[in-house]
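Asker: The primary structure of each chain is shown beneath.
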Amino acid sequence: MQLAAQAIILGVLTGGVYALMASGQTLIFGVMKVVNLAQGAFVVLSAYLTFSLFTGFGVDPFLAILITTPAMFGLGVAVHWLVLRPLKHEDVGQLSLLVTFAVALGVEGVLALAYETTYRSVQPGYENRSWTVAGLQISEVRLYAFGLSAVMLAALYLILERTRLGMAIRATVQNPTSARLLGVSSERVAALGFGLGAATAAAAGSVYGLLYPFNPGSHYDLISRLLTIVVLGGMGSVGGAVVAAMIMGVGSSIVAALASPIWSDFTFFVVLLAVLLIRPRGLFGARARGAL
Amino acid sequence: MTPAGAVRGAAFFGALCVVPLLVGPQWVLNLLIFTVMYAGLASAWNLVGGYAGYPSLGHAAFFGFGAYAVAIIFENDVGDGYAPFRTLPIIGLVVAVAVLPVAWIAMRTRADVFAIVTITLLFIAQTLAFNLRSVTGGAQGRSIAPAPFPVETYDRPFYYAMLALLALAMLLSVAIRDSKAGLSLAAVRSDEDKAHGVGVHVTGVKLLVFAVSAGITAMIGGVWAYYVGFIYPQFAIDPLVTIGMVLMCFLGGRATLWGPVLGAAILVPAQQFLAYRLGASQLYLLGYAAVFLIIMVLLPRGILPTLRRAR
Amino acid sequence: MTTLLEVQGLTKSFGGVTAVDDCSFTVEKGSITGLIGPNGSGKTTVFNLITGYLPADSGRIFFDGSEVRRPHPARLYRHGLCRTFQQARIFPELTVTENLVVAAGHGWRDLVGARVSAADKRTARKLLTEFGLAELAGMTAAKLSYGQRKLLEFAAVLMSRPKLVLLDEPTAGVNPVMIETMEHHIRARHAAGTTFLIVEHDMALVMRLCSPVVVLDRGAPIMAGLPADVQQDPLVLDAYLGA
Numbered sequence: 000m001q002l003a004a005q006a007i008i009l010g011v012l013t014g015g016v017y018a019l020m021a022s023g024q025t026l027i028f029g030v031m032k033v034v035n036l037a038q039g040a041f042v043v044l045s046a047y048l049t050f051s052l053f054t055g056f057g058v059d060p061f062l063a064i065l066i067t068t069p070a071m072f073g074l075g076v077a078v079h080w081l082v083l084r085p086l087k088h089e090d091v092g093q094l095s096l097l098v099t100f101a102v103a104l105g106v107e108g109v110l111a112l113a114y115e116t117t118y119r120s121v122q123p124g125y126e127n128r129s130w131t132v133a134g135l136q137i138s139e140v141r142l143y144a145f146g147l148s149a150v151m152l153a154a155l156y157l158i159l160e161r162t163r164l165g166m167a168i169r170a171t172v173q174n175p176t177s178a179r180l181l182g183v184s185s186e187r188v189a190a191l192g193f194g195l196g197a198a199t200a201a202a203a204g205s206v207y208g209l210l211y212p213f214n215p216g217s218h219y220d221l222i223s224r225l226l227t228i229v230v231l232g233g234m235g236s237v238g239g240a241v242v243a244a245m246i247m248g249v250g251s252s253i254v255a256a257l258a259s260p261i262w263s264d265f266t267f268f269v270v271l272l273a274v275l276l277i278r279p280r281g282l283f284g285a286r287a288r289g290a291l
Numbered sequence: 000m001t002p003a004g005a006v007r008g009a010a011f012f013g014a015l016c017v018v019p020l021l022v023g024p025q026w027v028l029n030l031l032i033f034t035v036m037y038a039g040l041a042s043a044w045n046l047v048g049g050y051a052g053y054p055s056l057g058h059a060a061f062f063g064f065g066a067y068a069v070a071i072i073f074e075n076d077v078g079d080g081y082a083p084f085r086t087l088p089i090i091g092l093v094v095a096v097a098v099l100p101v102a103w104i105a106m107r108t109r110a111d112v113f114a115i116v117t118i119t120l121l122f123i124a125q126t127l128a129f130n131l132r133s134v135t136g137g138a139q140g141r142s143i144a145p146a147p148f149p150v151e152t153y154d155r156p157f158y159y160a161m162l163a164l165l166a167l168a169m170l171l172s173v174a175i176r177d178s179k180a181g182l183s184l185a186a187v188r189s190d191e192d193k194a195h196g197v198g199v200h201v202t203g204v205k206l207l208v209f210a211v212s213a214g215i216t217a218m219i220g221g222v223w224a225y226y227v228g229f230i231y232p233q234f235a236i237d238p239l240v241t242i243g244m245v246l247m248c249f250l251g252g253r254a255t256l257w258g259p260v261l262g263a264a265i266l267v268p269a270q271q272f273l274a275y276r277l278g279a280s281q282l283y284l285l286g287y288a289a290v291f292l293i294i295m296v297l298l299p300r301g302i303l304p305t306l307r308r309a310r
Numbered sequence: 000m001t002t003l004l005e006v007q008g009l010t011k012s013f014g015g016v017t018a019v020d021d022c023s024f025t026v027e028k029g030s031i032t033g034l035i036g037p038n039g040s041g042k043t044t045v046f047n048l049i050t051g052y053l054p055a056d057s058g059r060i061f062f063d064g065s066e067v068r069r070p071h072p073a074r075l076y077r078h079g080l081c082r083t084f085q086q087a088r089i090f091p092e093l094t095v096t097e098n099l100v101v102a103a104g105h106g107w108r109d110l111v112g113a114r115v116s117a118a119d120k121r122t123a124r125k126l127l128t129e130f131g132l133a134e135l136a137g138m139t140a141a142k143l144s145y146g147q148r149k150l151l152e153f154a155a156v157l158m159s160r161p162k163l164v165l166l167d168e169p170t171a172g173v174n175p176v177m178i179e180t181m182e183h184h185i186r187a188r189h190a191a192g193t194t195f196l197i198v199e200h201d202m203a204l205v206m207r208l209c210s211p212v213v214v215l216d217r218g219a220p221i222m223a224g225l226p227a228d229v230q231q232d233p234l235v236l237d238a239y240l241g242a
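Residue numbers (numbering that gives the first Met the number 0), protein chains in the order written: chain A, 0 to 291; chain B, 0 to 310; chain C, 0 to 242.
Watch out, some of these pointers could steer you wrong.
In the SDA-like style, the derived pairs of lysine to any residue whose C-alpha atoms are separated by at most 25 Å in a straight line are [said to hold, decoys possible]:
1) K142/C - A309/B
2) K120/C - V201/B
3) K142/C - R114/C
4) K120/C - A174/B
5) K125/C - G181/B
6) K142/C - G181/B
7) K32/A - D192/B
8) K120/C - S178/B
9) K125/C - H183/C
10) K162/C - T2/C
11) K125/C - A309/B
12) K32/A - A174/B
13) K32/A - G181/B
14) K32/A - I104/B
15) K142/C - D192/B
16) K162/C - D192/B
17) K32/A - G15/C
18) K32/A - R188/B
19) K32/A - P54/C
20) K162/C - H78/C
21) K32/A - W103/B
Derived list of chain C stretches under chain B, where covered just means 3 residues or more per stretch with a C-beta under 8 Å from a C-beta of chain B [to be verified]:
22) 25 to 34
23) 55 to 67
24) 151 to 160
25) 204 to 215
If you're looking for bench data, these hints aren't it; they were derived computationally from the structure. A virtual CB, placed ideally from N, CA and C, is assigned to each residue, including glycine.
From just these sequences and the hints, can you work out the full model?
Answerer: Right, here's the structure in full:
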């Protein structure tokens with residue numbers, strides 16, 4: 000019983016961080032209909048930046064977010080401008096996947112050159128502290144990370160609901176043609192949307208380094224989980240991604256506790272295939288478009 | 000196949016058959032083996048990613064299946080040395096049939112979701128390879144009994160095996176392209192919904208090319224395993240292998256017969272040269288990424304179709 | 000007169016908008032039935048529901064005597080129900096001949112046959128000659144003009160000798176000569192036994208060609224009858240001219 004409760008707590012806390020990463024990815028899909036296979040790589044890149052800021056300058060990871068988030072926002076916009084925007088319209092659907100995969104590989108390559116392939120982690124000293132509440136252990140870092148994710152998601156929500164950019168994004172997600180007709184520059188929305196997606200990866204990446212050891216190749220694990228979460232939640236639905244992240248966080252944590260961590264990886268794959276088989280649009284996704 | 004095409008093919012393969020007898024240094028034949036191997040992989044991928052228009056990002060998993068199949072069967076004894084080659088057709092058929100249910104699930108979706116499904120399959124295969132230790136040896140890998148071929152000509156049987164598989168891939172591509180199945184595929188690639196609307200057997204032809212493509216890829220993986228003698232899960236089921244196939248196909252031209260071959264002929268020697276000169280394998284990644292991005296942006300149709308259009 | 004196609008209570012909503020609202024009508028065998036209505040009245044959506052491009056929320060469809068439980072475009076095509084699209088969808092990368100051959104409704108065994116056999120070419124040539132497109136047989140379809148594409152699309156679906164052809168605005172965007180050509184071909188095929196259900200906006204054409212005529216307004220049929228009656232019906236006039 001206690002094992003299950005512990006697993007659930009861990010799952011919720013982890014789910015929060017995944018929710019942040021996934022929200023950016025599903026947002027990018029909603030705005031551009033592009034599956035960003037580089038999202039995991041952005042997280043890892045941010046983790047490395049945080050690592051350098053910490054080991055080089057003593058910047059606490061939670062503060063590093065103030066640096067990494069705007070930096071990655073800029074990177075996202077740049078990536079979009081350089082490699083996604085030039086794709087001709089008919090090719091975008093198919094090629095964008097391969098292009099973002101290529102970006103992920105490029106990021107991995109650069110990181111491997113700069114940092115080599117040894118595993119790193121960010122260890123400011125408080126990463127092992129935990130509180131004990133009602134006999135259950137709650138890791139401090141994970142709780143802070145969860146809190147941070149909640150704050151960032153709230154910020155994302157505010158951006159989407161209260162700012163002009165957010166409105167433009169939501170309009171483009173719902174109906175790109177109408178949005179264009181109403182003067183929303185779809186290119187600019189796409190660029191900013193991609194930047195926003197990368198920014199969420201940045202924030203999550205800063206804390207990711209605290210929670211797990213990572214190396215340049217870690218983006219593969221991340222992307223496979225993010226894909227499940229995004230598909231389960233419904234591609235394009237930020238709320239859906241958050242819900243799905245919590246479900247998968249708790250679910251995989253329970254499987255890890257009851258069976259073994261290896262099978263917890265598998266839960267992601269199984270859920271992904273099951274969703275695609277049974278209900279491809281996920282929990283909150285839009286209905287598959289008809290032929291016309 | 001036109002008579003001119005048949006002559007071209009015969010000349011090409013004829014020349015390649017003679018090459019090992021002419022070249023001296025061992026590294027040349029080694030390079031050729033990998034070039035021909037990737038040409039075959041790219042040609043096989045072309046069936047699904049080019050002719051059908053479904054970009055599979057998981058083909059490395061089939062490569063791995065073939066590799067592990069050979070490794071498991073021939074751990075201790077390879078008989079006269081040609082036994083592994085003789086089992087290839089069986090491995091190919093088994094994999095082709097086994098992927099049908101997977102393909103059916105994967106191809107019910109549109110292209111972007113298809114890519115996600117195939118990538119996931121790759122991850123699943125990799126996870127299984129690392130964790131089913133009793134079968135795959137886990138991270139320790141598996142070894143294959145060494146071939147009893149004479150040292151001076153050791154590489155030749157492997158080279159001819161790869162060449163035969165490339166020929167198979169190209170012959171099947173021609174056969175499919177020149178048949179009604181190929182016409183159906185072209186319609187599917189052009190406008191899948193409209194293809195449904197004129198009664199095309201859309202699912203059937205998609206499954207057909209997926210199965211053929213997976214089978215050939217697995218056979219090539221089997222030869223590779225036998226050649227390198229020792230396989231590890233991260234190399235047998237390696238996303239970079241998929242990326243390589245895809246990239247070569249894109250570079251040379253998807254849905255063309257010679258495009259994948261051209262792509263491999265350019266990229267494999269380039270890759271080996273860079274590895275030799277610059278050493279670090281991380282540069283592979285950067286190199287691949289850079290080439291990919293350049294192709295996507297500047298030459299999205301690939302070399303051959305761009306040349307044809309310019310005529 | 001037997002009923003070839005019957006729809007009962009077809010309903011389809013998108014979000015809050017009901018595009019097709021409890022729509023019922025029949026198409027008699029051997030008729031050229033018209034389906035008209037102001038813009039947005041759901042005509043193309045009805046076509047999509049009948050042919051299986053969109054799933055209906057509720058309702059039943061009967062074709063050639065049996066119920067179609069889960070319509071699918073390819074299955075219906077092979078049973079003799081085909082349709083054209085408003086935007087003249089053809090396969091631009093294929094040649095004109097290939098566009099016809101691919102639509103001939105091949106069985107499984109045919110798939111191993113030659114891509115375009117001599118017999119295929121002959122059959123295609125006959126049809127192309129009938130439609131005046133014979134000189135274009137080897138041309139890539141991408142190079143055709145809009146009117147030629149519409150003809151090609153129409154000709155292609157005839158390759159399978161369908162029982163019922165759903166034409167979605169066959170004369171939209173084409174010049175007057177082409178309208179005559181289209182009408183001529185529809186009549187010719189009709190005389191040979193094909194039934195038609197045509198969505199159209201060209202009222203003169205509808206009045207000449209179609210009988211009966213079904214009128215949709217906001218997703219529901221408001222009237223069905225002879226052209227002359229439909230022309231004078233106050234409900235119909237109101238639908239077209241009213242707010």
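Asker: Output the numbers, in ascending order, of every earlier hint that fails for this structure.
Answerer: 11, 12, 13, 22, 23, 25
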